[in-house]
Amino acid sequence: MRSTPVRFGLFAVGAAVVALLPLFVSEFRAFELARVGIYVIALLGLSVLTGYAGQISLGHGAFMAVGAYTTAILTTRYGIRDLWTIPLAGLLTGLVGFLFGFPALRLVGAYLALATFALAVAVPSLAKYGRIEEYTGGGGGLLLNLPATPFGLPLSASDWLYYLCWGLAGLLFVAAWLLVRGRIGRALRAIRENELAAVSSGISLPAFKTFAFGVSAFYGGVAGSLYAITINYVNPDTFPVGLSILLLTGVVVGGLGSLAGVVFGALFIQYLPLYASDLLDWPLSRLGLKIDTSAPGAPAVVYGLILLAVLLLGSSGAAGSLARGTRALTNSLARRP
Amino acid sequence: MRRKLIPLAAVVAAAVLVTIPGAFAGSARREAPGVTARSVTIGGTFPISGPASLYAPIAKGMQVYFSYINARRGPDRKRGVYGRQIVFKIYDDQYNPAQTVQLTRRLVEQDKVFALVGGLGTEPQTPVRPYLNQQKVPQLYVSTGATTWGADRKQYPWTIGWQPDYQSEGRAYGDFIRRTDPSAKVAVLFQNDDYGKDYLAGFKPAVGAGRIVAEVGYEVTAPSVTSQVAQLKASGADSFFVVGTPRGTIQALVTAYRLGWRPKLYVNSVSATDAFLTQATAAAGSREAVNGVVTTAYLKDPASPKYANDKTVATYKRLLAKYAPGADPNNGLYFYGMAKADTFVQTLYRAGRNPTRESLLNAAVNLKLKSPWLIPGTTIESSAKSPFPISTVKLTRYTNGAFTEFGGIIKTR
Chain B
99 MRSTPVRFGL FAVGAAVVAL LPLFVSEFRA FELARVGIYV IALLGLSVLT
149 GYAGQISLGH GAFMAVGAYT TAILTTRYGI RDLWTIPLAG LLTGLVGFLF
199 GFPALRLVGA YLALATFALA VAVPSLAKYG RIEEYTGGGG GLLLNLPATP
249 FGLPLSASDW LYYLCWGLAG LLFVAAWLLV RGRIGRALRA IRENELAAVS
299 SGISLPAFKT FAFGVSAFYG GVAGSLYAIT INYVNPDTFP VGLSILLLTG
349 VVVGGLGSLA GVVFGALFIQ YLPLYASDLL DWPLSRLGLK IDTSAPGAPA
399 VVYGLILLAV LLLGSSGAAG SLARGTRALT NSLARRP
Chain H
94 MRRKLIPLAA VVAAAVLVTI PGAFAGSARR EAPGVTARSV TIGGTFPISG
144 PASLYAPIAK GMQVYFSYIN ARRGPDRKRG VYGRQIVFKI YDDQYNPAQT
194 VQLTRRLVEQ DKVFALVGGL GTEPQTPVRP YLNQQKVPQL YVSTGATTWG
244 ADRKQYPWTI GWQPDYQSEG RAYGDFIRRT DPSAKVAVLF QNDDYGKDYL
294 AGFKPAVGAG RIVAEVGYEV TAPSVTSQVA QLKASGADSF FVVGTPRGTI
344 QALVTAYRLG WRPKLYVNSV SATDAFLTQA TAAAGSREAV NGVVTTAYLK
394 DPASPKYAND KTVATYKRLL AKYAPGADPN NGLYFYGMAK ADTFVQTLYR
444 AGRNPTRESL LNAAVNLKLK SPWLIPGTTI ESSAKSPFPI STVKLTRYTN
494 GAFTEFGGII KTR
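So the protein sequences, as listed, match chains B and H.
Take any residue in the first sequence, note its place counting from 1, add 98, and you have its number in our numbering.
Take any residue in the second sequence, note its place counting from 1, add 93, and you have its number in our numbering.
It should be emphasised that the hints constitute simulated quantities derived from the structure, not laboratory data.
Hints should not be assumed to be uniformly reliable.
Pair ranges (Cβ atoms, derived) [what the hints assert, rightly or not]: (1) B:P201 to H:Y249: 37 to 47 Å; (2) H:P144 to B:G280: 38 to 48 Å; (3) H:S479 to B:I178: 33 to 43 Å; (4) B:T174 to H:Q227: 14 to 24 Å; (5) H:S317 to B:L197: 27 to 37 Å; (6) B:P201 to H:Q324: 30 to 40 Å; (7) B:L224 to H:A244: 21 to 31 Å; (8) B:L203 to H:P298: 47 to 57 Å.
Beta carbons: idealized from backbone N, C-alpha and C, even for Gly.
With the rest of the complex left out, here is chain H (with noise of 0.2 Å):
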């Protein structure tokens, strides 16, 4: 370690001189790693090729939002934020895992990071977060919805999620069941792995284990789910809860279809998508299929006429043509991605004008945000007894190709 820090000090001492005018600036000033005077350098992994490549938006969301951010003036008259530029590092892991661990190591030991900030995946983002923890970097707002993120905080504490849980947010859809459905009978298929029964932790005691009828996992390899399907319908349910990724999502959607089930519809928001629906619709060959599939919002729809006429909306769709020209703005993980690099620049200024990794932590586990990119009355809130930075979702239905919020909102945490 000894040996690293000579040549950093002397890197930083440096800088320092170089870029403060007068001597005295330079004086008493140590900062932080990645952070100088004109810019912060911080950096993510996501897999922008490879299976999971779907998920590559997000990061160009947060790229173009740091562009904005970087050529616009803030409350500061500074452009970037309080005159630093972002520079935002992205490598690509392939949601493999191995790729991850060298890739993080670069990021802070090679290009001196500051933060992580929105690495993707559970898998992925799993073994670097001791290795993180251990040398002290924060690693925020991972993108993942892993109950672990919020939940481990004492074990793990310069890491925190973003979006609401999967515990939370299935124990959404279990306690709208209890209370407007009383007497429902309810089928739940799940993809049989970690991501699949943390919903259903927070599912089931919501709904009250009676009003179960039936459960069946699948695997997320497995080609096809229509036995599982024919299964559930067997057993009398009037309701279907379908817990999955996108892929055996729209599948069961489609066969339930086809056998002629016609069920109260319930879909995890990760799957319940407009262009999944969408491309439910089509295999099916009809909207029945999907129409009244009910699930949870929390971000601002781009593609839903409520929002055609919202500052914010209109805002990303400006950004998305000018930073990523070609990109389809209906595609919601663009607007995720750049949500989440809203946060984390908010997230800056909160941390001062001279951030450390300690006060970048602080700002982002002691958050308090109206942000006017999640659904008008939820919020970003944080602290250290709650670490779950979005924690506040509403209900919404889609019919006939667009989603409609309906109910309040609703505390999950």
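Same shape as in the complex, but just chain B (with noise of 0.2 Å):
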């Protein structure tokens, strides 16, 4: 049924697609893409957490934060390059979310989502906290330095950031391809199926799922400070609690268990929002009715709507789509002589 060969081809063209895609569109568009960039590596993170091991956290915003307050700290306190706080506020996230996955260990299904929900609700808000707020500015919050092209690459700064973005998405993407598929990712799928048939079967679930959140926390602490890098400013009101359920509509979207629809579930959150309103407005004046799509509340209402038909239509996500298409691909490729 998994054809490998397939996928390795999906896989290269796809990058070739990434690769070149800043050679058509605008400088705008890369920018925007750049964020399509950063959702796809913390969705990836959230697809270990949430898609392997059945641990739902609403609480990804959080982690995102914490990268994010990492890089900004570091680059405008201590005047550290900006690429270089990359991975530091990865691997610090990372500990946090190591350490949050010992509490999380009592805590299943709902209770668990609350708990990760409660950190989205309480991370923010402690940057504005006493003594924190030395480090944080506040409500005020840090601005950074525009983005700027490093080293003399002959690149714009938005095209720049894009290849930055993505770059960082396809090698952390190799890397969760490569964790999910063997002895590892088979003993997070087996804690998502039957908690108690895994530990029957050897698995340690303190190890794994303080390995998981470990994990995902890195990756969101790396989007959270790309997310830093291309705002060039972070403050408490960036990391509303909507990211983090827009993190987990977006892996839902991209369909639970699978990597490759990480980057279906990063276009919807980005592109869905924004453009909620200009969706409807289209059949909207076609049908000569006049509704004013700008509405405060309208574009949520048309975000939601599109979402529930989304989730109707496909219910394994768009990677159900992709996997029954491969699959429709191989059969063929195999029937030939």
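With the hints as a guide, bring the two chains together.
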């Protein structure tokens, strides 16, 4: 069923498209697509945790916030080049996620979802608290330098951000794939399907769950770091609770338990909220209906409706549809003499 | 950059050829981004939804006024400004700076706007300021009173604010107390962030530090300010200065009333609007909780009987009823939006028949306007030395559900 050459082929085509795309799109699109790359990274991490290990996280915005603040503080306070802060932000956030994994061990299902949700609510506000504020700038936030192309590379700033985000996304995609395809991935899936059965076959729940939280937070931290670099600013408003929900939406739309699906999930959460009202404008004006789609709340309603439609039509997400397509392609290749 | 200039130049050239009949007119004209013979496209980001959406009427007010300008005939007998329709693109950033950044880039790089006008919020506008200055796109009349918009003009010459800055407003209260009530014992409750501290930076030196007997901060996220108000009451102060955003301020006024504390009240203008003070009255169950509140004003108050027969207020109500039916004319934020839109229209006229981004900016930092939207006697004036367009205010007192201006015009800068 699972044909590795076809998957490699698809990955190679995808990588080529990503590499060449900036030649054909405007700088503004490159900037927008850089954020899609950031979402891909965050969703990869969430996919490992929620899709593979079955641990629901409604708090990934908090991990992004930790990564973003790490980069912001290191660049503005200590003058470290933003590029070098990315791995540090990832590692620090990974450590935070790993530690959060311990209390999370005691929680399952909806309880875990709520605990992580609390993280999403609390962490950004921590930036305004007492002594921490001296580092984070409180509500006023921290202003970073405008993103600029380093090392004299012949790229515009937007194209540089695009390649930076998508380069790391590609790297981390391969890393996640290597992680979940083997023994660890099997263990995580076993935990997702039945914890009791997993334990009785010798899988250590504490080890694998905290590991999954750590890896997932590492990805979130890297994404947050890139987020801070591209918007050249962080403050608590930058990480609203809605961001965490958006990320979970992305993983579900992309397809739980699929790494390739996160690209679709990332495109979905970047573009649908931005263009929801435009999307509705077109059919409405065709039907001759005069409804103000820019009215307060209207885009949110459109977004909700489209999200519902997507979830109903493709119950296993974009990845499900992709898998069906891949299977058809593999079968037709196999039929050839 | 070069890659984008070629198609851009082609589009501009094509637009010029198509829109201007006769080869002569088309030969030497080079129009600025967002400007054609028939339109000027500008844009701004506002919290239309989300936690700060109570400010959305500002964008609506601006939109209404531009619709009116586009429909009426101006002093040159043409509709719009010099025959150009104003296209105002509004995007909802939900007060999230991450959204503001990408939407502002969308306005500049994709929608190719001429300038950004009225962008709302100190935090959302902060990260786009370096970008707009790097791109040399005017960031005009931002909807925030933080002092930095005028004070940091050297570093960010393409940016300018509009309303009186918070430091100046704080200074106005301080001066007033020092002059009229030299033996005052003042208690201060402030929102513990850049916004609250900005006010205090003006208030404290003006009132004289000796008059402040107690000073307590509160977090904007705190559910209650009861303990802070109790602490301030215990200081024995006879004057109470509240600097906050509406929710905390309403709580503070109600709590002081419930604790039986009746000091002289001073409230910063952001929270001392008719709507918020009415809410405080309702919550306390008595007008006593807000009677005598002193604040500052610079715009005519559409809810005040004083301006019931004012021509501009009448125009305002007519336009709102026509272009935004259902909108509450007593909500001063619509008025604020229209007044700001009018300042932009006047600026655009002053930028000349063929405006460029440079000429627009130049007009914005060299304004001298007698705006009919402002309290009589106050003016809109800016210069490179003092880039604070509105820096004159008047004190006003809230009694039995209405504001009454008193005292002379105060020049805050």
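How the hints compare with the structure:
| no. | hint | in the structure |
| --- | --- | --- |
| 1 | B:P201 to H:Y249: 37 to 47 Å | holds, 45 Å |
| 2 | H:P144 to B:G280: 38 to 48 Å | holds, 45 Å |
| 3 | H:S479 to B:I178: 33 to 43 Å | holds, 38 Å |
| 4 | B:T174 to H:Q227: 14 to 24 Å | holds, 18 Å |
| 5 | H:S317 to B:L197: 27 to 37 Å | holds, 32 Å |
| 6 | B:P201 to H:Q324: 30 to 40 Å | holds, 36 Å |
| 7 | B:L224 to H:A244: 21 to 31 Å | holds, 30 Å |
| 8 | B:L203 to H:P298: 47 to 57 Å | holds, 56 Å |
Comparing the model with each earlier hint shows no violations; every hint is respected.
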